[in-house]
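**Student:** Listed below are the residues making up each chain.
Protein chains: 2
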Amino acid sequence: MARSQRNTAPLRHPDVAELDLLDILHALSDRTRMAIVQRLWEEPERVCGTFPVDVAPSTLSHHFRVLREAGLILQRDEGIRRWSSLRHHDLEARFPGLVGHIVDTFKHQ
Amino acid sequence: MARSQRNTAPLRHPDVAELDLLDILHALSDRTRMAIVQRLWEEPERVCGTFPVDVAPSTLSHHFRVLREAGLILQRDEGIRRWSSLRHHDLEARFPGLVGHIVDTFKHQ
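Residue numbers (numbering that gives the first Met the number 0), protein chains in the order written: chain U, 0 to 108; chain H, 0 to 108.
No lab work stands behind these hints, which were simulated from the structure alone. Don't take every hint at face value.
Said to hold, decoys possible - Derived, one-sided and incomplete: chain U residues facing chain H with beta-carbon distance under 10 Å:
no., residue
1, L10
2, L18
3, S28
4, R30
5, R67
6, D89
7, F94
8, P95
The C-beta atom is built at its ideal place from N, Cα and C for all residues, glycine as well.
Here chain U stands alone, though its shape is the one from the complex (with noise of 0.2 Å):
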């Protein structure tokens, strides 16, 4: 995406009070973002291009989307890159435990 574009639409967050589980199940039972939301599990931060994911640059924008707007992930933009870490401290305020049960059960499958 370029930087012009993302200038003109800012980054919606929902507030934790608004984090709805019915969302994050939503967001979490795709394969794509499910690998986004362990690779964020285990990092810090990440910047958006560099997930081991192959699918198209259009089709990653939509699911990290879905995962910011779920209220999973906060997204902020640095220069031209665009960085992207998990919420888990609201996760846990709002689901304790929860997010990370789902993601260690999905990596032992």
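Dock chain H against the given chain U, drawing on the hints supplied.
**Tutor:** For chain H alone, kept in the frame of chain U given last:
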């Protein structure tokens, strides 16, 4: 669904080894399906038309199929009635504690 229609399409239930976490999460990411699972979490078995959900019969049939094909519920026909129950044992064997954690989180969110 008419009895004659039912008899032409046998009910498919995935084996426990086939259960996939992403299918389970997708099945649980809908409000109506979550309401069905919550009710079955507390009752051993229930007739399909008696769940406290407000959707059209065809929509309800779709939701039950999603739950059954994901491996969350077992369905059996008895005369003109279709009974549903949760696959507690299989879900515990495959994803220990997970569905209970999700159902409990939804109840308290």
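**Student:** If a hint holds in the structure, say so; if it doesn't, say that too.
**Tutor:** How the hints compare with the structure:
| no. | hint | verdict |
| --- | --- | --- |
| 1 | L10 | 23 Å, violated |
| 2 | L18 | 8 Å, holds |
| 3 | S28 | 4 Å, holds |
| 4 | R30 | 6 Å, holds |
| 5 | R67 | 17 Å, violated |
| 6 | D89 | 14 Å, violated |
| 7 | F94 | 5 Å, holds |
| 8 | P95 | 8 Å, holds |
The structure shown violates the earlier hints numbered 1, 5 and 6.
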